[in-house]
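J.: These are the residues of each chain, in order.
There are 4 protein chains.
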Amino acid sequence: MTARVVLAYSGGLDTTIAIPYLAKMTGGEVVAVSLDLGQGGEDMESVRQRALDSGAVESIVVDAKEEFARDYCMPTIQSNGLYMGEYPLVSAISRPLIVKHLVEAAREHGGTHVSHGCTGKGNDQVRFEVSFMNTAPDLEIIAPARDYAWTRDKAIAFAEENDIPIEQSKSSPFSIDQNVFGRAVETGFLEDLWNPPTKDLYAYTEDPGIGNAPDEVIISFEGGIPVAIDGRKVTPLEAIEELNRRAGAQGVGRLDMVEDRLVGIKSREVYEAPGAMTLITAHKALEDVTLEREQARYKRLVDARWSEEVYDGLWHSPLKNSLDAFIRDTQTHVTGDIRMVLHAGKATVNGRRSGHSLYDYNLATYDSGDTFDQSLAKGFVQLHGLSSKIANKRNREAQ
Amino acid sequence: MTARVVLAYSGGLDTTIAIPYLAKMTGGEVVAVSLDLGQGGEDMESVRQRALDSGAVESIVVDAKEEFARDYCMPTIQSNGLYMGEYPLVSAISRPLIVKHLVEAAREHGGTHVSHGCTGKGNDQVRFEVSFMNTAPDLEIIAPARDYAWTRDKAIAFAEENDIPIEQSKSSPFSIDQNVFGRAVETGFLEDLWNPPTKDLYAYTEDPGIGNAPDEVIISFEGGIPVAIDGRKVTPLEAIEELNRRAGAQGVGRLDMVEDRLVGIKSREVYEAPGAMTLITAHKALEDVTLEREQARYKRLVDARWSEEVYDGLWHSPLKNSLDAFIRDTQTHVTGDIRMVLHAGKATVNGRRSGHSLYDYNLATYDSGDTFDQSLAKGFVQLHGLSSKIANKRNREAQ
Amino acid sequence: MTARVVLAYSGGLDTTIAIPYLAKMTGGEVVAVSLDLGQGGEDMESVRQRALDSGAVESIVVDAKEEFARDYCMPTIQSNGLYMGEYPLVSAISRPLIVKHLVEAAREHGGTHVSHGCTGKGNDQVRFEVSFMNTAPDLEIIAPARDYAWTRDKAIAFAEENDIPIEQSKSSPFSIDQNVFGRAVETGFLEDLWNPPTKDLYAYTEDPGIGNAPDEVIISFEGGIPVAIDGRKVTPLEAIEELNRRAGAQGVGRLDMVEDRLVGIKSREVYEAPGAMTLITAHKALEDVTLEREQARYKRLVDARWSEEVYDGLWHSPLKNSLDAFIRDTQTHVTGDIRMVLHAGKATVNGRRSGHSLYDYNLATYDSGDTFDQSLAKGFVQLHGLSSKIANKRNREAQ
Amino acid sequence: MTARVVLAYSGGLDTTIAIPYLAKMTGGEVVAVSLDLGQGGEDMESVRQRALDSGAVESIVVDAKEEFARDYCMPTIQSNGLYMGEYPLVSAISRPLIVKHLVEAAREHGGTHVSHGCTGKGNDQVRFEVSFMNTAPDLEIIAPARDYAWTRDKAIAFAEENDIPIEQSKSSPFSIDQNVFGRAVETGFLEDLWNPPTKDLYAYTEDPGIGNAPDEVIISFEGGIPVAIDGRKVTPLEAIEELNRRAGAQGVGRLDMVEDRLVGIKSREVYEAPGAMTLITAHKALEDVTLEREQARYKRLVDARWSEEVYDGLWHSPLKNSLDAFIRDTQTHVTGDIRMVLHAGKATVNGRRSGHSLYDYNLATYDSGDTFDQSLAKGFVQLHGLSSKIANKRNREAQ
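Protein chains in written order, with the UniProt record's numbering: chain A, 1 to 399; chain B, 1 to 399; chain C, 1 to 399; chain D, 1 to 399.
For the record, the hints were derived by calculation from the structure and aren't laboratory data.
Quick caveat: nothing in here was measured; it's all calculated off a predicted structure.
Careful, some of the hints might be misleading.
[Said to hold, decoys possible] To give an idea of the chain D side of the interface with chain B (calculated C-beta under 10 Å), a few residues:
1. ARG70
2. MET84
3. GLY264
4. GLU292
5. LEU301
Where a beta carbon is used, it is the ideal one built from N, C-alpha and C, also for glycine.
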């Protein structure tokens with residue numbers, strides 16, 4: 001049987017040359033699949049055509065922006081999904097969706113293999129391949145960079161040997177992955193951890209120091225999902241896009257971090273995620289008002305584990321599904337409005353209101369209307385501290 | 001036996017009137033104890049004298065600033081101690097130290113009772129009393145506000161009836177607790193969660209929007225403790241003080257949050273903690289470079305629990321001690337320098353260097369010196385995903 | 001308005017005298033509510049009549065055995081609900097159900113107050129009252145033992161003074177709570193922790209040493225719920241009852257433990273729960289075969305927290321509900337058969353089979369049919385250990 | 001440079017033939033290292049000689065029994081180390097010790113490589129190799145079974161081809177690993193999960209049904225370590241050995257389980273660990289009396305993680321070390337006596353006494369000496385339940 005390789009195609013130099021290369025290495029045909037995840041940049045039709053020009057027997061473009069925002073970004077907001085407390089999982093949540101559409105294309109176009117352009121030392125190979133294993137284990141996986149030790153230099157040499165016309169622009173020093181939820185940049189000089197990021201790294205955010213006037217925004221949530229901005233209804237995608245613009249203009253959402261990769265090494269990463277960070281900040285503030293204390297304390301642990309599972313490529317794992325069930329249950333009453341000021345690199349919450357609030361003015365106030373019965377506190381304090389008191393007494397006596 | 005009540009004395013109106021009031025209610029004597037925790041404001045000698053003028057038989061002032069910074073603030077930094085991910089435990093860590101000195105005073109001056117001015121609906125009563133129970137259970141506790149339903153109005157009436165001269169300035173609308181680690185403000189209009197904070201709430205920080213020039217700082221840590229700033233050696237206290245000034249001038253460290261109190265209610269709190277937030281941000285960034293992945297993942301859970309224990313008044317609990325042992329073990333190699341830019345309300349890390357770094361340029365780089373053997377990744381990915389793969393296969397077949 | 005006190009009525013001496021006593025103390029009327037939870041013993045009609053004879057204006061008996069088994073015992077099995085890894089929550093899960101029926105009776109019969117016979121130093125007062133607070137906060141709670149310092153001696157004196165005819169049998173030295181899920185015994189001589197339990201403590205189980213012939217049983221589960229025993233369909237109640245008989249005859253399910261009460265003290269408890277312990281043992285063994293590794297590892301933590309919530313009286317807490325959602329999600333495929341031998345105090349699993357098994361003979365076998373590709377392991381091992389390897393290298397060099 | 005391969009040598013057929021095989025494959029020399037871990041069976045001198053006869057240039061026997069008991073088994077008892085709540089880590093804890101002595105031998109005898117006989121689908125390869133990576137990353141690892149696809153059949157063929165005299169007894173159907181802490185058995189017919197274990201699998205334990213008279217034992221601990229049995233002082237090794245005999249005679253410590261291997265598959269395992277299970281049961285019972293409630297609750301999570309780290313081959317990981325620090329801190333007061341009855345397959349605790357007990361008779365008793373102030377409970381219950389009460393009220397109103 002002739003191999004049919006369904007390739008995750010970005011339109012860039014590497015995956016473009018990969019088309020004839022995979023055809024040669026497998027003796028088969030290549031189907032290119034490209035997703036519009038709101039990454040902007042080049043027109044998707046040009047991308048589609050380039051794959052055909054490079055020898056793909058089929059080239060498919062999927063507009064998956066709405067699906068991505070709804071099914072992948074929204075659960076990330078509900079779980080306050082920040083890996084290591086910081087990174088909003090921008091690339092991590094896109095991989096399972098790309099895999100979903102690659103598998104659909106393979107089923108429709110008779111694919112026997114799937115392929116991606118990731119290296120063997122990053123997280124994305126894991127996310128791609130574990131998603132394939134979990135959803136379509138019959139498809140064979142080819143990772144040219146890892147399995148054929150395929151490099152940029154080899155790719156260019158291959159193109160020249162085979163008279164493949166490539167527009168060899170001066171290679172960008174940046175390695176970039178971007179979609180509507182954010183943008184990740186790696187580049188050589190950042191590999192020295194002492195070097196600060198330079199201005200040309202950023203594309204989604206303005207310099208926080210430029211002094212734009214503060215922008216006040218009210219974000220309305222229902223069940224943990226943003227549904228309106230400043231009173232106008234929005235879809236999940238529109239919410240992210242609008243806040244990318246507005247928070248981006250204020251320099252909100254820049255991250256510079258050293259990250260623990262799943263493969264066991266640390267790497268330096270620079271991210272921009274203005275909409276994502278603004279939405280997660282607002283969502284957390286609304287949870288502070290609408291979740292009960294112990295549920296909220298435990299959810300912080302569940303959220304952290306959720307982000308680790310997703311970061312580690314385990315979007316489809318049984319544990320991830322069960323964590324989802326926990327998180328969904330907590331979101332029923334995460335409904336209300338958060339007012340924020342976007343300014344100079346920060347999204348600062350300064351107001352919240354909710355028909356589902358657990359804040360009780362009459363219990364909290366120091367005014368005369370106070371309904372809290374202080375006489376209850378004495379017994380509470382005594383029994384709250386009793387087991388420690390007994391232990392400390394034992395410790396003193398047993399020495 | 002005559003009661004001798006050792007009172008945590010702040011110098012303010014309430015505890016000043018409490019001196020004769022406690023004497024009357026117990027038929028005994030009052031010993032006032034005041035701690036200098038770097039809260040600034042009034043001269044401590046004036047505070048001491050005022051207690052005597054109000055009828056205290058002894059009035060003791062303890063300069064506990066260094067001890068507070070070293071033994072209470074530093075462990076908070078090592079545990080990235082942020083309750084609910086936000087509040088750096090400013091008041092929570094001061095209570096056990098105040099208790100320590102009250103107990104010492106009681107031992108020296110024959111105290112039979114201890115007393116504090118906290119209400120029955122807050123956290124501080126718990127922190128005071130559980131610390132007393134744990135360290136000196138023989139001392140009887142009096143909480144006038146709770147046990148005698150003592151209020152500001154009753155206090156003033158009592159002062160008038162008993163010809164106690166009070167300087168009854170127009171009562172501040174703010175309820176404030178402050179020390180070198182930060183400042184907490186509660187006030188009536190914040191009890192409407194939709195009201196934004198006003199400028200007059202703040203004392204430790206400038207308005208982030210005033211446009212001061214960015215301030216770059218290099219903080220050096222040894223074993224998780226700040227030991228130098230911009231190359232100059234500092235004590236823990238000096239580190240906090242200098243960063244209070246410099247980060248405060250940039251508006252760093254303002255917090256506006258709705259908080260889960262231990263007594264079961266939510267309350268709105270505004271905090272300022274410029275030094276604390278800057279140090280915790282720097283410390284986390286250095287941990288990202290020097291802690292192994294799984295140790296760091298687990299430490300996040302331990303840190304969260306540590307902050308809950310401390311917030312909940314359990315500084316002396318057996319669990320808190322065991323969490324301390326875990327955290328201390330992790331800090332051995334948290335040594336190195338963090339460079340930050342303080343500006344417009346944010347403390348942004350932009351460089352790290354450490355002789356204890358786990359970042360390995362040769363493993364991480366995409367340059368030619370790369371020593372990472374990519375061929376290992378295939379087996380890793382396959383086995384990393386195997387248990388989920390088997391489960392998903394079962395799920396499809398078992399439906 | 002006349003008070004109507006809805007009393008959790010057991011039929012015993014204390015709650016019988018409590019009927020006239022509550023009437024007198026409140027100047028109102030008492031409605032007695034008794035639940036059949038499979039505790040056996042006295043006929044429920046006699047219990048009902050005794051309440052009326054003692055002055056209750058209404059006496060209601062509810063057969064809640066099936067409801068208890070289905071809605072309270074089954075979730076306990078699904079969560080392997082063992083407090084401190086040992087106690088199957090026998091009394092803890094019955095309290096919220098009793099409360100449910102007391103509230104229903106209060107709604108139907110115009111109740112204004114609810115009452116229970118628990119002391120102020122145990123867990124059950126918390127479970128009763130927090131359940132009332134959560135489901136019917138308008139009903140006022142009276143706990144005579146705690147609120148009126150009501151004791152056995154006072155009760156008898158009250159009965160004598162008021163010519164209440166009581167059958168004052170020699171008071172049992174045992175304090176017992178029992179239902180179909182198990183039996184709890186406290187008694188004076190067990191308060192010395194060095195004393196072993198005596199034979200007369202036990203009622204649900206035979207002496208494990210009597211040498212009955214081993215009893216082999218096959219328990220079939222669907223979605224984590226027992227549905228058949230030895231091939232015969234059973235309801236949840238029947239499953240527990242049959243295994244109470246069969247495992248009880250073998251001495252299975254005896255527990256002797258020192259337990260951490262919620263109120264801060266430790267107490268010695270002896271339990272018997274033959275059916276519960278057998279079902280939980282079988283359920284765990286089936287989970288070992290049907291849950292994916294990481295899901296199972298995390299579920300152990302969730303299970304432990306679930307049992308703490310339930311033990312602590314928080315059946316209706318938001319956190320408990322979210323833990324339920326997690327646990328339910330894990331149970332979809334906990335379907336299959338477990339074979340056990342019941343003998344001499346032990347329930348030993350010795351066989352499992354399931355159409356939902358994750359055990360793969362072809363991967364596990366050392367036979368020639370082995371499909372596990374061992375060559376994958378090298379890369380896995382290297383990357384699995386890489387982050388620790390780097391850390392240990394750093395530790396050696398940094399010293 | 002000539003390779004010098006330091007081989008973990010068991011004396012069995014496979015590793016015996018591996019000696020000339022490794023010499024041939026590497027063109028170098030083989031140093032055999034055998035550890036006495038209390039596994040019993042053959043005389044260690046015979047083992048040593050056999051390696052020399054097979055061509056080893058050096059053959060070293062290390063009596064590591066005491067070290068194993070003290071430094072590996074005791075921490076397992078202190079952490080109640082049961083993987084999946086059941087398996088006492090018998091083989092898992094032996095691997096890092098074997099590695100330690102292999103590395104010492106390599107340093108002394110100029111070793112360049114290390115080698116072990118484990119397959120590529122089990123846990124032990126991971127434990128061996130990650131321990132090597134962590135402690136001696138310069139030594140190259142050879143795993144013949146995995147790296148050379150070396151099998152029993154190939155080994156025998158190689159022996160015949162090379163005239164290596166082997167005593168080819170009828171191959172045992174069992175794959176066994178044993179040491180003083182326990183014994184692990186895998187065998188073909190157990191790979192059908194429905195098959196019960198047969199009697200010939202067991203060597204450390206008698207049939208629990210044989211009806212030996214019960215054996216009462218008192219185990220004394222200091223700081224979580226067994227120090228005396230029935231009043232006689234014992235070393236850690238003696239404690240395990242004596243309880244292996246006495247508990248083994250009663251059939252205590254048999255396990256039949258389906259286990260989640262680190263490599264992603266499930267396997268059926270049968271274990272015997274009479275001493276280990278008896279000691280862990282006693283240790284847990286003593287912790288129930290001497291650990292404070294919240295410390296104990298959290299320790300259960302830490303214990304579970306500790307056992308997963310150790311099972312997964314991460315004895316030397318930074319996280320494991322920090323978990324050790326937590327656990328050590330908890331053990332200070334785990335001092336006292338536990339009385340148990342060993343009988344018919346069960347080790348049942350029926351008494352505990354300790355000068356470090358947190359059990360307070362005066363607080364717990366229902367006798368007249370009761371010092372527990374029940375009036376404190378009302379306030380405790382109200383505030384304990386308050387946050388849930390508010391949430392449930394909101395849930396009802398918000399629907």
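J.: Holds or violated: is the Cβ of D/GLU292 closer than 10 Å to a Cβ in chain B?
T.: OK, holds: D/GLU292 within 10 Å of chain B, min 4 Å.
J.: Was the hint right that D/MET84 lines chain B, CB cutoff 10 Å?
T.: Nearest chain B Cβ about 14 Å off; hint violated.
J.: Does the nearest C-beta of chain B fall within a distance shorter than 10 Å of the C-beta of D/LEU301?
T.: holds (9 Å)
J.: Against chain B, is D/GLY264 within 10 Å by beta-carbon distance?
T.: holds (3 Å)
J.: Close enough to count: is the Cβ of D/ARG70 nearer than 10 Å to one in chain B?
T.: violated (21 Å)
The structure fails hints 1, 2 (numbered hints given earlier, in ascending order).
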